[in-house]
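J.: Residue numbers (the UniProt record's numbering), protein chains in the order written: chain A, 1 to 364; chain B, 1 to 499; chain C, 1 to 378.
Among the hints, erroneous ones may be present.
Stated by the list, open to error - Here are the computed lysine-lysine pairs in the DSSO-like style, where the Cα-Cα straight-line distance is at most 27 angstroms:
#: 1; chain 1: C; residue 1: Lys2; chain 2: A; residue 2: Lys303
#: 2; chain 1: B; residue 1: Lys176; chain 2: B; residue 2: Lys204
#: 3; chain 1: A; residue 1: Lys257; chain 2: C; residue 2: Lys215
#: 4; chain 1: B; residue 1: Lys204; chain 2: B; residue 2: Lys167
#: 5; chain 1: B; residue 1: Lys491; chain 2: A; residue 2: Lys6
#: 6; chain 1: B; residue 1: Lys197; chain 2: A; residue 2: Lys6
#: 7; chain 1: B; residue 1: Lys204; chain 2: B; residue 2: Lys172
#: 8; chain 1: C; residue 1: Lys264; chain 2: C; residue 2: Lys314
#: 9; chain 1: C; residue 1: Lys2; chain 2: A; residue 2: Lys306
#: 10; chain 1: B; residue 1: Lys468; chain 2: A; residue 2: Lys216
#: 11; chain 1: C; residue 1: Lys326; chain 2: C; residue 2: Lys272
#: 12; chain 1: A; residue 1: Lys361; chain 2: A; residue 2: Lys80
#: 13; chain 1: C; residue 1: Lys215; chain 2: C; residue 2: Lys260
#: 14; chain 1: B; residue 1: Lys197; chain 2: B; residue 2: Lys174
#: 15; chain 1: B; residue 1: Lys20; chain 2: B; residue 2: Lys39
#: 16; chain 1: A; residue 1: Lys306; chain 2: C; residue 2: Lys3
#: 17; chain 1: B; residue 1: Lys198; chain 2: A; residue 2: Lys68
#: 18; chain 1: A; residue 1: Lys257; chain 2: B; residue 2: Lys323
#: 19; chain 1: C; residue 1: Lys132; chain 2: B; residue 2: Lys323
#: 20; chain 1: B; residue 1: Lys491; chain 2: B; residue 2: Lys174
#: 21; chain 1: B; residue 1: Lys95; chain 2: B; residue 2: Lys16
#: 22; chain 1: A; residue 1: Lys360; chain 2: A; residue 2: Lys63
#: 23; chain 1: A; residue 1: Lys6; chain 2: B; residue 2: Lys204
#: 24; chain 1: B; residue 1: Lys468; chain 2: B; residue 2: Lys489
#: 25; chain 1: B; residue 1: Lys205; chain 2: A; residue 2: Lys6
#: 26; chain 1: A; residue 1: Lys257; chain 2: C; residue 2: Lys132
#: 27; chain 1: A; residue 1: Lys6; chain 2: A; residue 2: Lys306
#: 28; chain 1: C; residue 1: Lys314; chain 2: C; residue 2: Lys226
#: 29; chain 1: A; residue 1: Lys257; chain 2: C; residue 2: Lys115
#: 30; chain 1: A; residue 1: Lys216; chain 2: B; residue 2: Lys491
#: 31; chain 1: B; residue 1: Lys198; chain 2: A; residue 2: Lys6
#: 32; chain 1: B; residue 1: Lys468; chain 2: A; residue 2: Lys6
#: 33; chain 1: A; residue 1: Lys303; chain 2: C; residue 2: Lys3
#: 34; chain 1: A; residue 1: Lys63; chain 2: A; residue 2: Lys303
#: 35; chain 1: A; residue 1: Lys63; chain 2: A; residue 2: Lys84
Said to hold, decoys possible - What follows is a set of in silico ranges between Cβ atoms, one per label pair, in the way DEER data are often shown:
#: 36; chain 1: B; residue 1: Lys489; chain 2: C; residue 2: Met133; range: 53 to 63 angstroms
#: 37; chain 1: B; residue 1: Val341; chain 2: A; residue 2: Leu154; range: 31 to 41 angstroms
#: 38; chain 1: C; residue 1: Met133; chain 2: A; residue 2: Lys335; range: 31 to 41 angstroms
#: 39; chain 1: A; residue 1: Leu161; chain 2: C; residue 2: Asp127; range: 18 to 28 angstroms
#: 40; chain 1: C; residue 1: Lys226; chain 2: A; residue 2: Leu188; range: 47 to 57 angstroms
Source of the hints: derived by calculation from the structure; they are not laboratory data.
A quick note: this is a predicted structure, and the numbers were derived from the prediction, not measured.
Every residue, glycine too, gets a C-beta built ideally from N, C-alpha and C.
Listed below, chain by chain, are the residues.
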Amino acid sequence: MNKDPKVSNIQIRGLIVSTVIGVGVLSLPNTLTMTMGNKGWVTIILAGILIIPILYIINYIFKINPGKDFFQIGEETFGKIIFKIILIIMMAYFIDFCAYVVRSLGELVEAFLLPTTPIEVIVLSFILATSYLATHEIDVITRGGYFLYPIILLFAGIVILISIPEADFSNLLPLNNIDYSQIPRGLLDSFVSFAGFEMILFALPYVENGKDSTFKSSVYAMAMITAIYVLTYVVCIAHFSVEQLGRQLFPVLQLVKQVDLPGFFLENLDGLIMALWVLVVASTFIPAYFAAGKVISKIFNLKSHKYIILILIPIIYFLALYPRDILQINKILLKPFNILGLMTGVILPLLFLIVILIKKKVKK
Amino acid sequence: MEKLTKDLKENVQYFKGLFKDCDDILFREIEIGDEHKVKIIAIFVDGMANKEFVSDSAIQSLFWKDDLNHIPVDETYELFFNRIFKEAIASAELKKEDKIETIIDNILSGDTALLVENMDKCIVIGSRDGPSRSIEEPKTETVIRGPRDGFNEIMKFNLALVRRRIKDPKFKVKFKQVGRRSRTTVAVLYIDDIVDKKLLDEVKKRLDNVDIDAVLDSAILENLIEDNYLSPFPQVENTERPDSVAAALYEGRVGLIVDNSPFALIVPATMGTLIQSSEDYYERWSQTTIIRIIRIIAMFLSFTAPALYIAITAYHPGLLPTKLIYFLAASRINVPFPSVVEAILMELTMELLREAGTRVSGPIGSTIGIVGGLIIGQAAVDAGIVSPLMIIIVAVTTISTFAIPSYEMATGFRTVRFTFIALAGVLGLYGVVLGIIVLLSHFIILSSFGIPFTSPFSGLGIEEGDLKDTLVKAPIQRLWLRPGFTNPKNKRRMRGHKK
Amino acid sequence: MKKALLFLIIFSILFTTGCWDMVEINERIYPYAVGIDVNNAESSEGDSYMVTFSYPNIFSMGENATQEETIYAVLSTGSSLFDAAQNLTSNLQYPIYNKHLKVLVLSDAVARNPKNVLGIIDGLNRDYVINKMIQLVVTPKTAEELIFGKLKAKRQRTTEGVLYSILINRQNTSMFTPKTLANFIDDMDRTGVSTLPMASMVEDYVDIAGAGIFKNYQLIGYIDAKENEGIAMLNNRIRATGIDATYNGTDLSILATNIKTKKKLIDAENLKVEFLVKIEGQVHEFTLPQGNYTGIDTEEMLHDMEEAVENEVKMNIVNTLEILQKEYQADAIYLSDYLEKYHPNVWKQVKDNWDEVFLEAELEVDVEVVIERRGLTK
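Please build the complete structure, drawing on both the sequences and the hints.
T.: Printed below as a string of structure tokens:
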């Protein structure tokens, strides 16, 4: 009816949760035990808390610039050229995000579901299937985020619930021997799994009613994510010793493989969980894909990002398949992803804040 | 010629020319007056107009009214015309008209036009009374409890059925003509102080934009006003039940009743509304809740069941319990086809049976069902062409499609089912999930008159508590607000306990 | 139109070249038990194992079964379980699919070599297909004998194999303690010691009783059912079990339904640990002395009976601990795990020479039996 995309406050919550929870949730317990032993939950909570100020800054930026979207505000604050550079960094980030996510998905699907199917087919078909939604505007993307959000809760809920009966929570003990020197590393590892919350940069300006409570709902979403991460981490620790958790690449899947439920039909849950997980990954991938397309369209001053999405198909495909094995994935895709993630997720909002504050002072 | 002229002969000539070779259109010439004679010509369609009514209340009274037959010489035609209009014709629906186009419309709808000598106006008598069937129980939406009257093809009866349920002057019925040749009347139904103005304007705009020669049924109109006509899924709800229409109007939606169609249209339709059936509101809420959940499962199974069967047996037998897998493997030993072929074969057979069964009514139809379902299935299993589980799967799929209240929705799922079978055949469970991603994307993108199709699951209306009437159905006492996705002006249904 | 054409092309390409992983359900072989032996044949070139697969014959199932024999077993050689399965493809009509593997039998000879066990366990754990809940069993003879013996064994009608059925359905016995692959790895990571149930052929029957003790992925010896009961009691691994004792010279049998053990560190320096075993149970069978018709009717009598059981249980546990400490130096009772979790400071000191410390540790046992019900008769 009207072309202006509209987003509701409640959808913001769904968008954040579904974008953030994705690939990371499967491997987070592993990466955290490598650095933090069985104290990984500490850094997850810390990272969750540290993101709240960033969310506040982002909300603040949009509050003092009502009616403008992220790109307009950016151009006004930084000027055209600097902002283009920022956009290029963001573009790199989102493309890398997509490539990393889709490659991880390909590896896991290959391993657990389709051992002899070429990974090229798995990756390409996934990109094609998701490009359908990514060509649409932000209101459709947020709608999708909210629509898939119960599936994410279901996924997390199943994983946590089925593992509780056999869990041995004494594995969390002892509680007090935290290795403080490892916290920064652990924090970084946890922070990476929160990547994706930057999506609100694109959605926030279109919130139509309840603009004041967007901060509240983004914090709510963040709390939810933190809770899901902590709980999955805890159930993993409750099932595996620290040594074993350090060996498992995808402890959550291993966990599901190990659960022995009473009753007969639910014997092997890993396939079901994998299937659900593909949906969870799609809900992460689509917003990132959309964001990549949107950012590129703004770099070239295009009106629609529709064709950019199509052009991105081969780019993401080749980037995703470039690394040879899982070690190279970490080197080529994950490392830059971490750095770029920090830049867009933490440094960019801070930069915004600093420039805006300085400009305010100068005006006075 | 746009308007009538003063010359009766010319007018009649015009109409006769227009209705040349239309033998069902009758011209009755009357001459009244004692000394001064005035010619009157009645034009009507035989069968569409109630001939008895026209003779009794119009022609007869013109003849027998004494003072009418005495026409003073000095009386103008104008005065005489008014006299007839006011005094002579005993009809409840009467109007003066001079636009030819409207007159033609009226005549063809069953009204009778009286052309009077020397007048550039005519009298149109509402004498519509076409052939009709009586009000029967709806064939497609039967209920165990609840009203049993259904719409038929005559719009005025249909409107009356709805009006009987909304005795409120705010309930508006707005007529529009669509179809260049068929000139089908479409009634736009809404409750003025509930409906969202934007929605109403959109509906009217789309109706105005319809450009087609004939609208034979509401289904054609539905296709013409839909948001996405390429989608296999409906974005407009249709119903044969007046109570469903009334309920929708009370929710702030807009109803469309098309003449000659027993199916009324309701917009907007969303995923939430398409899983509702009118009986849900007449049964106890706990029962309805269980049924709703079963419906969702049925919806899911109706397009994934065969695909999941293929994915699990041919790709991931690890998902099944060990005991079951041995049984399944044993039951498939003699089947010569791969499971994809087996599935497509059986699904096609099923579609064939269904098609044959629906086209043939009565006892032959049920014979086809029995022959097809029991005998072919049993024979196929005995011959070892298909495995017994495949028969179960196909049966479950078909039954699931019947459990979806919206027939169009079920048809949509039936169509995409074959794509899912193919996907499962190529990529196993992963293919099925990819299919689900695309299907969900499609639902998310779809909208119905600007309202997201996935409402209320995708955010719109959640704050108003729309979820209380979707997967679960709360007791009526708890549904004190109208659903929020239609953005109703008047939000409150009853005095609530909160807010 | 163009879109549809593109879609059609992609789809038809997928279909003609696709279906990479499709294998019909009846075109796979689903083994449920596998035995691993050391390959002693002269001609073995790198094939260090002899692997016996047993799988059900699907042709013998269902209504129109065409064959009689319900279970097949085949022998193959290979450098690993997976290699052996691969080698079998040349003489079986269908490929082997290991997802439904339920039991893995390690022969004595294989288990004695830590390199073998480590390799096998790592292979199982690494594999995507293998179920991590696979039951591990050790046999003092050869695995081949056990698996082939099963074919001849009576009571052989269960689809998932007799070994698995015994392991799963008799979980409330104390004769053996079932261990899955996941449990085994967990034990090894935590304490370096684990026990696997011991299975052997007794005449024509499969018999599982006692356990083999593994330390650092090496079989170091066996314990019998009685000692296994002691360990299981200390580890809270028993749901219900019968306990026999003598009371006043007559036999007394108790069905213990709730056994809980608590560990408590009493003295950190000498590592003195107390095990408090609490048992609730009911009288199972009690042969009354001749001429006594009153039955169990006084509180003292019940109390005395409890004491008799307590002594019996205590003796067994002390004896078991003695064997673990002195004979095997194997901490199968999760003592190190307990210290690490609840007394991290103590653990820090003893961590490096745990074996010696365990040998010297003072382990005290206190048993408390409560007989709650007498049964239907007095």
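J.: Decide, hint by hint, whether the structure agrees.
T.: Verification of the supplied hints:
Between Lys2(C) and Lys303(A) the alpha-carbon distance is near 24 angstroms, which keeps this suggested pair within the 27 angstroms criterion. About 9 angstroms separates the Cα atoms of Lys176(B) and Lys204(B), which keeps this hinted pair within 27 angstroms; it holds. Under the criterion of a C-alpha separation no larger than 27 angstroms, the hint pairing Lys257(A) with Lys215(C) is consistent with the structure, at around 26 angstroms. At most 27 angstroms may separate the alpha-carbon atoms for a hinted pair to count; Lys204(B) and Lys167(B) meet this at roughly 23 angstroms.
For the hint linking Lys491(B) to Lys6(A), the alpha-carbon distance of about 21 angstroms falls within 27 angstroms, and the restraint holds. For the hint pairing Lys197(B) with Lys6(A), the CA-to-CA distance comes to about 18 angstroms; that is within 27 angstroms, so the pair holds. Between the alpha carbons of Lys204(B) and Lys172(B) the distance comes to roughly 13 angstroms, so the proposed pair stays at or under 27 angstroms and holds. For the hint pairing Lys264(C) with Lys314(C), the CA-to-CA distance comes to about 17 angstroms; that is within 27 angstroms, so the pair holds.
Restraint check for Lys2(C) and Lys306(A): the C-alpha separation of about 17 angstroms stays at or below 27 angstroms, so the hint holds. For the given pair, Lys468(B) sits about 24 angstroms from Lys216(A) by alpha-carbon distance, which is consistent with the 27 angstroms threshold. Taking the CA atoms of Lys326(C) and Lys272(C), the gap is about 16 angstroms. The hint holds against a cut of 27 angstroms. Proximity of Lys361(A) to Lys80(A) is assessed by CA-CA distance (about 21 angstroms); at most 27 angstroms being required, the pair is judged to hold.
Our distance criterion of 27 angstroms between C-alpha atoms is met by Lys215(C) and Lys260(C), whose separation comes to about 25 angstroms. This hinted pair checks out: Lys197(B) and Lys174(B) have alpha carbons roughly 14 angstroms apart, not beyond 27 angstroms. Between Lys20(B) and Lys39(B), the direct Cα distance comes to roughly 22 angstroms. Compliance with the 27 angstroms bound is thereby established for this hinted pair. Taking the CA atoms of Lys306(A) and Lys3(C), the gap is near 15 angstroms; set against the 27 angstroms cutoff, the hint holds.
For the hint linking Lys198(B) to Lys68(A), the alpha-carbon distance of about 25 angstroms falls within 27 angstroms, and the restraint holds. At most 27 angstroms may separate the alpha-carbon atoms for a hinted pair to count; Lys257(A) and Lys323(B) meet this at roughly 18 angstroms. Restraint check for Lys132(C) and Lys323(B): satisfied, since their Cα atoms lie roughly 18 angstroms apart, inside the 27 angstroms limit. For the proposed pair Lys491(B) and Lys174(B), the alpha carbon gap of about 23 angstroms is at most 27 angstroms, so the pair holds.
Our distance criterion of 27 angstroms between C-alpha atoms is met by Lys95(B) and Lys16(B), whose separation comes to about 22 angstroms. Distance hint between Lys360(A) and Lys63(A) is fulfilled; the C-alpha atoms sit about 15 angstroms from each other, no more than 27 angstroms. A distance of roughly 23 angstroms separates the Cα atoms of Lys6(A) and Lys204(B); the hinted pair therefore holds under the 27 angstroms criterion. Only pairs whose Cα atoms come within 27 angstroms are accepted, and Lys468(B) paired with Lys489(B) is accepted, the gap being roughly 20 angstroms.
A C-alpha spacing of about 22 angstroms is found between Lys205(B) and Lys6(A), which places the hinted pair at or below 27 angstroms, so the restraint holds. Among the hinted pairs, Lys257(A) with Lys132(C) is consistent with the structure: their alpha-carbon atoms are about 6 angstroms apart, no more than 27 angstroms. For the hint linking Lys6(A) to Lys306(A), the alpha-carbon distance of about 19 angstroms falls within 27 angstroms, and the restraint holds. Distance restraint check for Lys314(C) and Lys226(C): the Cα-Cα separation of roughly 12 angstroms lies within the 27 angstroms cut-off, and the hinted pair is therefore satisfied.
Taking the CA atoms of Lys257(A) and Lys115(C), the gap is near 26 angstroms; set against the 27 angstroms cutoff, the hint holds. Between Lys216(A) and Lys491(B), the direct Cα distance comes to roughly 26 angstroms. Compliance with the 27 angstroms bound is thereby established for this hinted pair. Restraint check: the Cα-Cα separation between Lys198(B) and Lys6(A) comes to about 15 angstroms, which is no more than 27 angstroms; the hinted pair holds. Proposed proximity of Lys468(B) and Lys6(A) is supported: the alpha carbons are some 24 angstroms apart, at most 27 angstroms.
Straight-line distance between C-alpha atoms of Lys303(A) and Lys3(C) comes to about 22 angstroms, which keeps the hinted pair within the 27 angstroms bound. Pair hint Lys63(A) plus Lys303(A) holds up; C-alpha atoms about 25 angstroms apart against a cutoff of 27 angstroms. At roughly 23 angstroms between alpha-carbon atoms, Lys63(A) and Lys84(A) fall within 27 angstroms of each other, so this suggested pair holds. As the Cβ distance of Lys489(B) to Met133(C) is approximately 60 angstroms, the hint placing it in 53 to 63 angstroms holds.
A hinted range of 31 to 41 angstroms for the beta carbons of Val341(B) and Leu154(A) is consistent with their spacing of about 34 angstroms. Separated by about 36 angstroms at the C-beta atoms, Met133(C) and Lys335(A) satisfy the suggested range of 31 to 41 angstroms. Distance hint for Leu161(A) and Asp127(C): a CB-CB separation of about 27 angstroms, consistent with the stated range 18 to 28 angstroms. Between Lys226(C) and Leu188(A) the CB atoms are about 54 angstroms apart, so this pair conforms to the stated range of 47 to 57 angstroms.
Taken one by one, the earlier hints all hold for this structure without exception.
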